[in-house]
Amino acid sequence: SQTIHQWPATLVQPVGSPLSLECTVEGTSNPNLYWYRQAAGRGLQLLFYSVGIGQISSEVPQNLSASRPQDRQFILSSKKLLLSDSGFYLCAWSGQQNEKLFFGSGTQLSVL
Amino acid sequence: GENVEQHPSTLSVQEGDSAVIKCTYSDSASNYFPWYKQELGKRPQLIIDIRSNVGEKKDQRIAVTLNKTAKHFSLHITETQPEDSAVYFCAAYQAGTALIFGKGTTLSVSS
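Chains A and B, in that order, are what the protein sequence lines are. Residue numbering for the first sequence follows the working numbering, beginning at 1 and increasing consecutively. Residue numbering for the second sequence follows the working numbering, beginning at 113 and increasing consecutively.
There may be inaccurate statements among the hints.
[Unchecked claim] Derived coverage of chain B by chain A (criterion: at least 3 residues anywhere in the stretch with Cβ under 8 Å from a Cβ of chain A; other residues may be distant):
| no. | region |
| --- | --- |
| 1 | 156-164 |
| 2 | 210-222 |
[Said to hold, decoys possible] So, partial list: chain A residues that the calculated Cβ filter (under 10 Å) puts toward chain B:
| no. | residue |
| --- | --- |
| 3 | 42 |
| 4 | 44 |
| 5 | 49 |
| 6 | 99 |
| 7 | 102 |
| 8 | 103 |
| 9 | 105 |
[What the hints assert, rightly or not] Within a straight-line C-alpha distance of at most 20 Å, the following computed EDC-like cross-link-like pairs (lysine to aspartate or glutamate) qualify:
| no. | chain 1 | residue 1 | chain 2 | residue 2 |
| --- | --- | --- | --- | --- |
| 10 | B | 149 | A | 99 |
| 11 | A | 100 | B | 168 |
| 12 | B | 169 | A | 99 |
| 13 | B | 180 | A | 99 |
| 14 | B | 215 | A | 59 |
| 15 | B | 183 | B | 139 |
Note that these hints are calculated values from the structure, not bench results. Virtual Cβ for every residue (Gly too), placed ideally from N, Cα, C.
Using the sequences and the hints given, assemble the complete structure.
Take a look at the structure:
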């Protein structure tokens, strides 16, 4: 069966510090991968999605970036965090021919 | 791009009552409409979905309806129970893109 791992679970970072959140999927190959952010009152906001290695689509212009160095690995990064980057970050995957989305357990990021 | 509007943002019902959450979408090319339930501090979980070639789908106490012409779809929960309390998200999808979510509805079921 397929599983998705996301870490860390919680993170407290000062403003201006870098960020790296990692997500890996097991039990499937060539998945579609996604990063969503959940802020209070704003629902699930799509940040990035990837249909293959090195293929990244960005939905929201901001100081975040994403990379997919391996087929089942998706990384969310920032060089300098802003206060507004605080939120609950969710990685997700779907099959290439299947729209059903499965979420990781999330990372609660607090930027202070 | 796709835009999904969801309402109400909060909904309070008594145990045993029905709850209805409504969503509208903007892009007529969207063809898949799932609903997710998120309990406090946990990840969203898929509870039911519907495709554009179907008007209604039911799974025990949960049902979803779709009106393609009006670009509306709704979640219906009957005989609500306290464990139904959660945040519910609707979403819309079109091939080649990603799921776009509404802003969520916080459902509270009091006993």
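Worksheet item: Can you name, in rising order, the numbers of the hints this structure does not satisfy?
Response: Checked against the structure, no hint fails, so every one of them is satisfied.
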